[in-house]
Structures are given as C-alpha cells and as structure tokens.
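Chains A and E, in that order, are what the protein sequence lines are.
The first sequence begins at 1 in the numbering used here and counts up one residue at a time.
The second sequence begins at 1 in the numbering used here and counts up one residue at a time.
Hints may be right or wrong, so weigh each one.
Straight line, CA to CA, 25 Å or less: simulated SDA-like cross-link-like pairs of lysine to any residue [to be verified]:
| # | chain 1 | residue 1 | chain 2 | residue 2 |
| --- | --- | --- | --- | --- |
| 1 | E | Lys675 | A | Gly119 |
| 2 | A | Lys16 | E | Ala509 |
| 3 | E | Lys30 | E | Glu11 |
| 4 | A | Lys24 | E | Ala676 |
| 5 | A | Lys24 | E | Thr674 |
| 6 | E | Lys472 | E | Phe524 |
| 7 | A | Lys16 | E | Ala694 |
| 8 | E | Lys675 | A | Glu64 |
| 9 | A | Lys63 | E | Gly364 |
| 10 | E | Lys822 | E | Arg788 |
| 11 | E | Lys700 | A | Glu116 |
| 12 | E | Lys700 | A | Asp32 |
| 13 | A | Lys16 | E | Asp696 |
| 14 | A | Lys16 | E | Lys700 |
| 15 | E | Lys675 | A | Asp32 |
| 16 | A | Lys16 | E | Ile656 |
| 17 | A | Lys97 | E | Asn766 |
| 18 | A | Lys24 | E | Leu678 |
| 19 | E | Lys185 | A | Glu116 |
| 20 | E | Lys258 | E | Glu126 |
| 21 | A | Lys24 | E | Thr671 |
| 22 | E | Lys703 | A | Glu64 |
| 23 | E | Lys703 | A | Leu98 |
| 24 | E | Lys580 | A | Gly119 |
| 25 | A | Lys24 | E | Asn687 |
| 26 | E | Lys703 | A | Asp32 |
| 27 | E | Lys697 | A | Glu64 |
Now the in silico label distances, taken between C-beta atoms and shown as ranges [as the list claims (entries may be wrong)]:
| # | chain 1 | residue 1 | chain 2 | residue 2 | range |
| --- | --- | --- | --- | --- | --- |
| 28 | E | Lys726 | A | Gln49 | 56 to 62 Å |
| 29 | E | Gly681 | A | Gln49 | 22 to 28 Å |
| 30 | A | Arg8 | E | Asn687 | 32 to 38 Å |
Output of the computed footprint for chain E on chain A, the stretches with three or more beta carbons under 8 Å from beta carbons of chain E [stated by the list, open to error]:
| # | segment |
| --- | --- |
| 31 | 7-18 |
| 32 | 43-55 |
| 33 | 61-67 |
Just so you know, these hints were derived from the structure itself, not from any lab.
Idealized CB from N, CA, C, for every residue including glycine.
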Amino acid sequence: MMERKMARVLIIDDEKLARITLRKILENAGHDVAEASNGSEGIAMYRAQPADLVVTDIIMPDKEGVETIIELTRDFPNIRIIAISGGGRTRNLDFLKLAQQYGAKHVLAKPFSQQELLGAVNAVLDGPSVAGHA
Amino acid sequence: MPDEIQILFVEDSEADALLIARWLNKHGVKCTYEIVDNVKDLLGALGSRPRDIVLSDYNLPQFDAPQALAAVRAFDPDLPVIVVSGSIGEEQAADLMRMGARDIVLKSNLIRLGPAILREIADRMERQRLVRHVIDAERRFSDLVKGSIQGIAIVSRHGLHFANDAYCRMFGYSAEELASIHRNKVLYHADDQARIKQFATARMSGDSSPHHYEARGVRRDGSLFWVEHLSNRVTWNGQPATQIVAVDITDRKEAERKLVERERKYRETFENAPVAMFRNGFDRKIVESNAAMRQLLGYSEEELAGRRPRDFIPEEDKADSLPLVDKLWTGEADRVDMEHRMIRRDGKTIWVRTSVSLTRDDDGQPFLITHCQDTTERREAELALVASENQYRELFDNTPVAMCWVSPEGHYIQANRALQDLLGYSAEEFLTMHPLDTVHPEDQAFSQDSMGSLFRPGGPDFISDEVRHIRKDGRVIWVLIAIRIVRNEDGSVRYILAQLQDITGRREAENALVASENQFRVLFENAPVAMAWISNTGKFFRANRAYQEMLGYSESELATMRPVDVMHPDIAAQRAERMKKMFAGTSELSSIENRLVRKDGKSIWVLVNAKVMTDPRTEERYILAHLQDITARKTAEEQLFHSQKMEALGNLAGGIAHDFNNMLLPIVALTELTKASLPDGDALHENLDTVLEAADKAGKLVKQILTFSRQDQSEKAEIDISRCMKEALGLIKNILPSSITVNGHIGRDVGTVIGDQAQLHSVVLNLASNAADAMAGRVGEFEITLTRLATDAELVALVPGLDIARNYARIVVRDNGSGMDKQTLDKIFNPFFTTKAPGEGTGLGLAMVHGIVERHGGVVTVSSELGVGTRFAIYLPLQDTSALVASPASVPKPLVPAE
C-alpha cells in the first residue's frame with residue numbers, strides 16, 4: 001500500500017468532521033487531498049484543478065452528490081468518483097445505487113473503516129478509467 | 001087660624017081665662033072658652049065639642065096638670081096642651097114636656113101665653129091639614145092597594161090585618177079565611193116555611209130592611225105557584241107589622257127556569273163540546289172559553305177571560321190570520337177558516353185550525369165564536385212526511401253515488417243525477433233504455449248472467465261486480481256496480497236498486513301500482529346495492545340479493561335472523577341500541593360505518609344508511625338500510641394511516657440515522673487510524689478497542705432504525721421459510737437464558753417466501769428477546785411454531801390484510817410471560833414505544849418487526865393477556881410454486897469488518 005504512487009484526491013462533503021477524517025486517512029496513506037464543502041464548490045475546484053479521484057458525499061446542501069456526479073461525469077467522462085453516504089433522508093431511494101448508476105466507480109455507506117475506504121480508493125485508482133486514464 | 005078658637009081651661013080661677021081671652025081679642029083672635037077643674041068635666045068637655053087647645057093650671061085642688069095632660073092625650077094626642085103655672089120646678093117642667101105638654105108658661109109671664117096659643121093652634125091646624133092630606137093619600141093608597149094586581153097584605157104576630165083582593169085571589173082564600181088560618185103553615189110549601197119564618201122573626205126583632213124572596217105558595221086547592229114576596233116592616237095601627245107585597249111569579253119563574261135550563265144546556269154543550277171554543281166580543285176579548293179550549297192552551301177560564309186571541313198567536317202567524325177575522329166585522333164574510341200556530345201556557349207551540357163565525361146574542365150584540373182544532377200532530381206528521389219524502393228524493397237525486405231504480409221488466413224507473421253524470425245520459429233518456437245498453441260488449445255476457453241470477457228462484461238478493469260501461473260520449477269506464485233486489489212478499493221481484501261507482505281511476509291506479517310494485521321489487525331485488533328491511537321486531541323483513549351475497553346468507557336464512565346476528569360482536573350491542581332508538585323515533589336517520597361478519601366468518605366493513613319508514617297501511621315501522629361494502633377502503637385507510645405514521649417516523653429516523661452515521665465515521669475511522677499509529681502492545685489499544693466496540697453498537701442501532709424505516713437496502717431472495725425458521729430457532733436457543741424452555745414446532749416444507757432472511761431472523765430474535773424480558777428471569781416457556789395455511793374466507797375475516805388469493809406461512813411466537821393490557825397492545829408497534837426502563841430498550845424492536853413483515857407483504861397480529869402471556873402471529877405470503885428452492889442464507893454485512 002505504501003508503494004502506491006500518491007494521488008490527488010478531492011473530497012466533497014458538507015460535514016466538516018467527515019472531511020477531516022477522510023483527509024487524515026488519505027493523507028496518512030500518502031495522498032494529496034483537497035476539500036470542498038458542497039457540490040458546486042467541488043465542481044469549481046475540479047474545473048480549476050482536476051483530481052485523480054473525487055470522494056463525494058451524496059446528501060449535501062446547495063448541490064447534492066448525485067447531481068454533482070452527473071455533472072462531473074458529463075464534463076469529465078474519465079473521472080473517478082467514490083460516493084459515500086450516511087443513509088438517505090428520503091426513503092425508498094437508494095442514493096448510493098443511483099450514484100453508481102450515474103458514474104460513481106465505488107460506493108461506501110457511512111460509517112466505514114479506513115481499510116474499506118483505502119481499499120475502495122486503491123481499487124478505483126487501479127481500475128480502468130473509461131478514457132484509460134493513469 | 002080658625003075664625004074663633006075654642007079654648008078649654010083646666011083652671012080653678014076664671015080670672016086667668018078672662019085675661020087670656022082679652023089678650024087674644026086684643027090681638028084680633030076671637031075665642032070662646034070653657035073652664036073645668038076636674039077630670040070628669042074635662043073628659044065631658046072634650047067629648048062635647050072640638051077644642052083647639054087646652055090650657056092647664058099646674059096645681060088644682062082636685063086635679064093637677066099631669067093628670068089633665070094624660071087625659072087630654074088619651075082623648076086626642078094631637079090636641080095641644082100648654083101648662084100655665086104660678087111656679088114650677090125645672091124637674092116638673094121636664095116631666096111635663098116628656099108627657100106631651102106643648103109649652104109651659106109662668107103666670108108671671110102671661111104675656112108669652114098668647115103667642116104660644118096662636119102658635120100651637122097654627123101648628124095643630126097644619127098638622128090636621130097634613131093628616132087630612134095623609135088620609136086622602138091613604139084612601140087613594142088604599143084604593144090602590146085594594147085594587148092592585150099585586151097581592152098586598154099586612155100581617156103581624158096577631159095575624160092578618162089586611163089582604164087585598166089580589167092577595168086573596170092569589171091564594172084562593174077570602175080575606176076572612178086568610179085571617180083565620182095559620183098563614184105560614186098553610187100558604188107556603190113546607191120547604192119554604194122555615195125561611196119565611198126566619199124573615200118574619202127578624203123583622204119583628206127590629207130588622208127594618210125589606211126582605212125580598214121567592215117562595216112556593218100553596219093555593220087553597222093545593223096547587224103550587226111561585227110567589228115573590230117583598231116584605232118590610234111597617235106600623236099598623238101603631239103596632240109593628242109586616243107589609244107583604246106578593247106577586248105571582250109562576251109564569252116568570254117558569255120562563256126563567258126554561259131560560260136557565262136552556263142556558264145550562266147551552267153552557268153544558270159549550271163547556272163539554274169536544275171542540276175547543278171560545279167566544280169574544282167586538283173588543284176581541286175572550287168572554288168565555290170551554291174546557292177543550294182551556295185544555296188546548298193550558299190556561300184556566302179566568303186566565304183566558306179578558307185576553308185576546310192574538311195574545312196566543314205567534315208574531316209570524318198574525319199577518320195571515322188576524323186580517324181574516326176583521327172580515328167578519330166588516331161583513332165581508334160570515335165565517336173564516338184558517339190554520340195557524342198558537343202558543344200554550346207552557347210555551348209549547350201548537351198548530352190550530354180555527355173556524356171563526358160572527359153571531360149575535362139575545363140582545364142582538366154581535367160576537368165571535370171560534371172553534372179551534374189542534375192540528376199539531378197532523379201538521380207535524382204532514383211536515384215530517386213531506387220532509388222525509390223531500391229528503392229521500394233529494395238524497396237520491398243529490399247523492400254523489402250513482403243510483404237507479406229498475407223495474408222487474410228491466411226498465412229504468414229513475415236514474416239519479418250522479419248516474420246521469422256517470423254515463424252521460426239525461427234522466428229522460430234513461431227512461432227509454434235498458435240497463436245493459438251501456439255495458440261494454442265484452443262484459444255483456446257476464447252482466448247478463450249476473451242479472452239473470454237475480455231473477456232465478458232462490459237467487460241472491462245482492463250482487464256486486466266490476467264491469468266496463470260505455471258512456472254516451474263513447475268513453476269506456478270501469479264501474480263497480482252493486483245491485484240489490486227488493487222483493488214482494490211472495491218473493492217476486494218488486495224492483496231493483498243499483499249503485500254504480502266509477503272505479504276507472506282506481507283500476508288504472510291498481511294497474512299502475514302493480515306495475516310499479518313489480519318494478520320496485522325488481523329494482524330492490526336486483527339493485528347492486530345491498531338493501532334490507534328490518535321490522536320493528538328486530539328481525540329481517542326482507543333482504544335483497546346483493547345483501548344476501550354480501551353476507552353469504554340465503555334469503556330463508558336471513559328470515560330467521562336478526563340484524564345484530566350479522567354484526568361484529570364488538571359493536572352488536574351498540575348497534576342494537578341504535579336500532580331501538582330509531583324505532584322509538586329518537587333517531588331518524590343513520591349513516592354509520594358498521595362491521596359485519598359474513599356467514600363464512602369473514603369480517604367486512606360496510607357503510608350503512610338507514611332510515612325509519614312507516615308503512616302507511618299498517619302503521620308498522622321499518623328500517624330500510626342500504627349497505628355499501630367499504631372493507632377495501634377501510635383497509636386502505638387503515639393502511640394509509642399506518643404508513644403515513646410510519647413514513648413520518650421513518651423520515652425522522654432516517655434523518656437521525658444519516659447524521660448519526662456521519663458522526664460515527666470520524667469516531668470509527670480516526671480511532672482505527674490512531675490505533676494503527678500506536679505500537680503493538682501499547683496500553684491505549686484497549687481503550688481504543690472499547691471506543692470501536694461502542695461505535696459498532698451505535699452503528700447497529702442506526703442500522704435498525706434504517707431497517708424499520710426502510711432506509712436500508714435489503715436483499716430479497718426466495719427463502720425456504722422452514723429452513724429459515726430452523727436457523728432462527730437455533731439462534732433463539734443460544735440467546736435465551738436457560739431458565740426459559742424453548743419449544744420449536746417448525747413445519748417441514750411450508751413453502752417459499754420472497755424476502756430477506758437476515759431480517760426475518762431479526763424478527764423472531766426480537767420477539768424472543770422481548771419474551772425473555774417479559775419473563776424477567778422467571779422460569780418460563782417460549783414456543784415458536786411454523787405452519788402452512790391454506791387461506792380461506794374465515795381466515796381472511798379473522799386477519800384483516802390477508803389476501804384470499806394467496807397462501808401463507810404462519811409463524812406463531814408465544815410466551816407465558818407477564819402479558820400486556822389493551823392500551824399497551826395498541827401501541828406496541830409504534831417506534832420508540834417501550835415498556836422497558838430508560839436505557840434498557842430503544843422502543844424500536846417491534847416497530848422494526850412490523851416494518852419487516854409488512855415489507856414482506858405479510859401481516860403481524862398480537863394477542864395478549866395480563867399474567868398469561870403474549871402470542872404473536874406472523875403471516876408471510878408463500879410463493880405459489882410448490883417446489884422449494886433452497887436459498888443460501890445471506891449473512892448480514894458487518895458494519896465493521898473483522899480485524
């Protein structure tokens with residue numbers, strides 16, 4: 001795991017504690033981390049400086065996750081996205097499944113362990129991108 | 001005054017005589033005188049020649065004035081005596097005057113004597129002249145008496161003093177003979193004697209009033225005659241006597257008797273005449289009235305007398321009667337007859353026929369005789385008869401019922417107005433018609449038969465039929481005809497009375513009603529809405545087909561049932577009360593949701609619209625109820641209510657879970673990160689493991705919340721429910737304390753359920769956990785049973801929410817723990833409801849059970865009894881396929897991967 005090359009990861013989560021946790025785990029694993037607190041901000045940051053991986057929450061104010069994913073995959077077809085969620089506020093909609101359908105390479109339900117996160121990050125980074133990126 | 005007066009002196013002295021003679025001569029009165037001084041000479045002198053006056057001295061030697069006075073008066077009472085005296089006492093003077101002295105002159109006052117003598121002589125002369133006159137009159141009177149045709153007699157107690165010729169002739173006796181007989185006893189009828197004697201005695205006793213009486217005289221020859229006596233007291237020869245004037249009144253008496261007799265006869269006839277009569281004069285006043293008249297009017301004779309006939313005639317009859325009577329007085333008529341009313345004394349009015357005629361009495365005075373005949377009865381009978389006839393005629397003619405008389409020959413005798421109106425023919429037209437003429441051709445034969453039967457011997461007296469008639473205007477009408485036969489004594493038909501009633505409207509209405517009733521019956525029977533009539537005996541009166549189908553009972557079954565018999569036991573009593581109120585009228589209309597139980601046991605919800613109706617004919621009250629099956633709606637409502645509740649709670653729980661997971665993420669991840677950065681064997685590892693363990697428990701709790709609120713993702717697969725429950729039984733045995741005996745009756749090959757095995761496990765584990773809590777460490781039993789149920793109506797009725805089209809696996813979980821009361825039971829599936837102490841339970845266990853079962857399309861029911869235990873039954877729909885496809889048990893994904 002340590003021999004993995006560093007990746008630039010953009011975290012989009014409205015929950016500050018979640019962003020701190022993710023940053024610590026990812027930086028501990030040697031990744032370069034950028035944070036955005038909502039979808040709009042995340043998209044703007046990605047446009048300014050694309051990342052190797054986007055980890056985005058689903059339920060967020062301003063612009064929520066699924067919409068963000070749709071926009072990012074539309075504009076950046078080769079983008080790698082992991083969707084994370086603490087469970088829906090609205091029932092009967094499986095947001096994580098939805099996120100996967102719209103282009104998230106992996107999904108994780110909160111809370112998850114650092115192994116789960118890093119496993120997912122590695123899997124996505126190692127996996128093929130549509131454009132054969134990396 | 002005589003030329004020369006003769007004076008007789010009773011004197012013993014001539015001087016006084018001379019003195020007086022001289023005074024008389026001096027006053028132009030010649031006189032001669034003679035002087036006596038004793039009685040003998042006095043009487044001789046008086047008898048020798050007439051004297052004009054006696055002058056007597058009071059005291060004489062042989063004689064005195066009283067003696068002289070008595071002698072003179074005895075000789076001639078009319079010869080005046082003057083007493084001349086030298087002195088005389090007053091008492092003596094008064095005695096002399098009483099004895100008859102004309103005057104008393106004192107010698108000392110002789111100057112008075114001359115005028116006294118002249119006065120006395122003048123007086124005597126006047127008396128004598130009067131006497132002569134009287135004697136003349138007496139003679140004339142005597143002649144009159146003697147010659148009178150009236151019998152005149154003078155009688156006294158001494159006998160007959162005088163009787164004139166007429167008197168003698170009257171009795172047939174001579175005067176002498178009359179004087180010698182006892183008049184009273186001989187001359188009068190024995191019956192009259194006492195009365196005559198009584199009169200005589202009265203007269204003799206001083207009764208001077210004349211007595212006038214009639215008596216029966218007896219003639220000498222013994223024959224009787226009527227004599228009228230006028231007797232009065234007279235003085236005869238100075239003695240009291242009776243003068244009797246007697247008139248023979250035999251003829252008059254006879255005439256009178258005849259008159260009285262005639263009068264009596266007339267009066268009797270008048271009085272006793274059977275005809276009421278009265279007589280009145282020109283002044284109209286009633287003079288007399290007879291007994292019949294008095295009886296007629298009720299007044300006594302006295303009351304009627306003086307009143308006028310008009311007083312008894314009522315005002316309204318006067319105008320017609322009184323003027324007629326006037327015609328009699330004016331001579332226009334001799335007799336008038338009239339009939340009018342009179343008012344009796346008792347106020348009753350009577351009818352009287354009067355006949356008044358003018359006649360005259362014996363004196364030629366006109367008067368009216370009126371004969372009255374009481375005609376009240378006749379009059380009333382006549383009036384009653386006329387009224388009765390009129391009444392019947394009017395009744396017959398004006399009765400709204402059409403009627404006619406028909407002769408035995410079949411001719412109309414009379415048809416009343418109503419019949420004329422009914423058939424349109426005039427009364428005259430009917431007279432030319434036959435009763436069958438107007439009968440409709442199709443009813444002719446029938447009517448002829450009916451009529452014919454009336455004439456057959458022993459036939460009915462009355463028939464009634466409904467037949468059609470044709471009016472004159474051609475219109476056909478239905479008529480109810482009632483015919484009655486009136487028979488003669490010999491049984492033959494006298495006439496026929498028929499009544500006809502137009503029943504066209506009724507017939508049409510009846511037809512319409514029958515049609516309408518049929519329509520309504522068809523409508524009622526075939527209405528898609530369940531309807532029932534409930535009688536006030538509380539029983540079904542009628543229920544239509546939809547009702548029968550809705551409840552599954554046949555019409556005949558319902559006929560023996562009461563509406564409460566099909567009601568759910570929970571509400572039957574309440575609804576029965578309500579029906580009672582409706583029948584009592586305190587509740588009119590009812591629209592209410594009702595829960596009924598079908599014959600197959602299935603319970604259904606219906607909306608009942610009920611109204612109390614009254615049968616207008618029988619006054620009986622019914623409830624007409626419309627029932628609409630609202631079971632589906634009701635179930636949907638219940639489900640909607642429950643799901644709305646769950647949705648709200650789910651949203652809440654989902655929100656909490658989301659944020660909670662977010663919180664857990666740093667706790668779990670950073671604790672792990674921290675742990676990883678610690679060297680092995682560091683004492684802090686243990687602390688951090690505790691944090692992780694707590695976070696893991698928190699994560700599971702959130703998972704539970706999400707499960708009941710369907711926020712999580714479950715994986716549905718075909719599950720062999722028998723195997724699934726066997727596994728669950730194993731888990732239960734592991735988690736329940738050893739004090740609890742676990743009995744499992746898991747049916748084999750129950751079937752396949754589409755679902756999440758892990759969730760189904762958690763359902764029974766949850767229930768087992770609750771059971772353990774309910775037994776609170778005591779020794780108890782826990783039982784789990786799995787059976788396959790073939791769904792039927794009964795089951796569906798018992799367990800709302802089951803689909804009759806599907807079969808179910810039933811998991812029954814039972815404990816003999818503390819049990820629950822009803823309030824608790826009602827709430828146990830609510831999230832966060834717990835009976836456990838704070839911190840011991842989340843209140844989410846049964847909510848999750850409910851959520852899972854529901855998501856599997858199943859139903860969970862619970863029953864419990866305090867102190868006995870609790871029983872949960874879970875119904876899960878089975879796949880229709882009978883083949884059991886084994887499904888690998890999927891293990892729930894651990895929240896935190898094992899280290």
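**Message:** Hint check: Lys16 (chain A) vs Ala509 (chain E), CA-CA at most 25 Å. Holds or violated?
**Reply:** violated, 91 Å
**Message:** Tell me if the straight-line CA distance from Lys700 (chain E) to Glu116 (chain A) falls inside 25 Å.
**Reply:** holds, 17 Å
**Item:** Hinted pair Lys703 (chain E) and Asp32 (chain A), Cα distance within 25 Å
**Value:** The hint is violated at about 33 Å.
**Request:** Verify the proposed pairing of Lys24 (chain A) with Ala676 (chain E), using a straight-line Cα cut of 25 Å.
**Result:** Holds, at roughly 13 Å.
**Message:** Checking one constraint from the list: CA of Lys675 (chain E) to CA of Glu64 (chain A), max 25 Å. Satisfied?
**Reply:** violated, 33 Å
**Hinted pair Lys24 (chain A) and Thr671 (chain E), Cα distance within 25 Å** = Satisfied, since the Cα-Cα distance of roughly 11 Å is no more than 25 Å.
**Item:** Pair hint Lys703 (chain E) and Glu64 (chain A), alpha-carbon separation not exceeding 25 Å
**Value:** Judged against 25 Å, a Cα distance of about 23 Å means the pair holds.
**Message:** Please check whether the segment 61-67 of chain A has three or more residues whose CB lies within less than 8 Å of a CB on chain E.
**Reply:** Since three or more residues must qualify, the claim that chain E covers the segment 61-67 of chain A is violated, with 0 doing so at under 8 Å.
**Asked** Going straight from one Cα to the other, do Lys675 (chain E) and Gly119 (chain A) come out at no more than 25 Å?
**Response** holds, 18 Å
**Message:** So if I understand the rule, the pair passes when the alpha-carbon distance is 25 Å or less; does Lys700 (chain E) with Asp32 (chain A) pass?
**Reply:** violated, 33 Å
**Prompt:** Do at least three Cβ atoms from the segment 7-18 of chain A come closer than 8 Å to Cβ atoms of chain E?
**Reply:** Answer holds; 3 residues pass the 8 Å Cβ test.
**Asked** Do the alpha carbons of Lys185 (chain E) and Glu116 (chain A) lie within 25 Å of each other, as the hint requires?
**Response** Cα-Cα ~195 Å, so violated.
Violated hints, listed in ascending order, are 2, 6, 8, 9, 10, 12, 17, 19, 20, 24, 26, 27, 29, 32 and 33; each of the other numbered hints is respected by the structure.
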